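Engineer: Sequence:
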Amino acid sequence: MKLVVLTMCLVALVLAEEKYQEVENNFDISELLENDRLLVSYVKCLLNKGPCTPEVKKIKEKLPEVLETHCAKCTDKQKQIGKVMAQQVKKTHPELWQQLKALYDPQGKYQQAFQDYFSA
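This note's numbering applies: residue 21 is where the sequence shown begins, and numbers increase by one.
No lab work stands behind these hints: they were computed from the structure. Any given hint could be a false lead.
[As the list claims (entries may be wrong)] Once the Cα atoms are required to be at most 30 Å apart in a straight line, the calculated DSSO-like pairs of lysine-lysine come out as:
#, residue 1, residue 2
1, LYS69, LYS80
2, LYS129, LYS78
3, LYS39, LYS129
4, LYS78, LYS110
5, LYS77, LYS93
6, LYS97, LYS39
7, LYS129, LYS93
8, LYS121, LYS78
9, LYS64, LYS97
10, LYS64, LYS110
11, LYS82, LYS103
12, LYS110, LYS82
It should be emphasised that the depicted structure is a prediction, and the values quoted were computed from it without experimental measurement.
Model the full structure from these sequences, guided by the hints.
Structural biologist: Written as structure tokens, this is what we have:
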């Protein structure tokens with residue numbers, strides 16, 4: 021599950037040398053959260069069930085690293101965006117949330133870290 025959070029965290033980000041850089045400094049998370057169709061589209065990209073924007077494609081490529089490092093290269097803003105987005109997907113689309121968990125954390129090795137992330 022942590023992978024999902026971190027994945028969503030990187031929706032507007034690309035990898036830089038030390039930290040992931042934001043694709044757009046003025047990323048408005050409220051726009052994504054208010055547009056369910058857009059949110060579902062991003063999730064379907066992550067699930068390999070739909071087309072990807074260039075930004076989401078970059079996120080998808082970085083997911084293994086993000087999960088393994090517990091988002092060590094993420095900025096505080098990226099972590100907050102990821103947390104909010106993951107909570108929204110979990111709340112409004114539990115079936116997609118379960119699919120993300122099954123795809124990105126099939127053995128459940130990130131479950132505890134993910135719970136800690138949500139409670140922080």
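Engineer: Going through the earlier hints one by one, which of them does the structure break, listed in rising order?
Structural biologist: none
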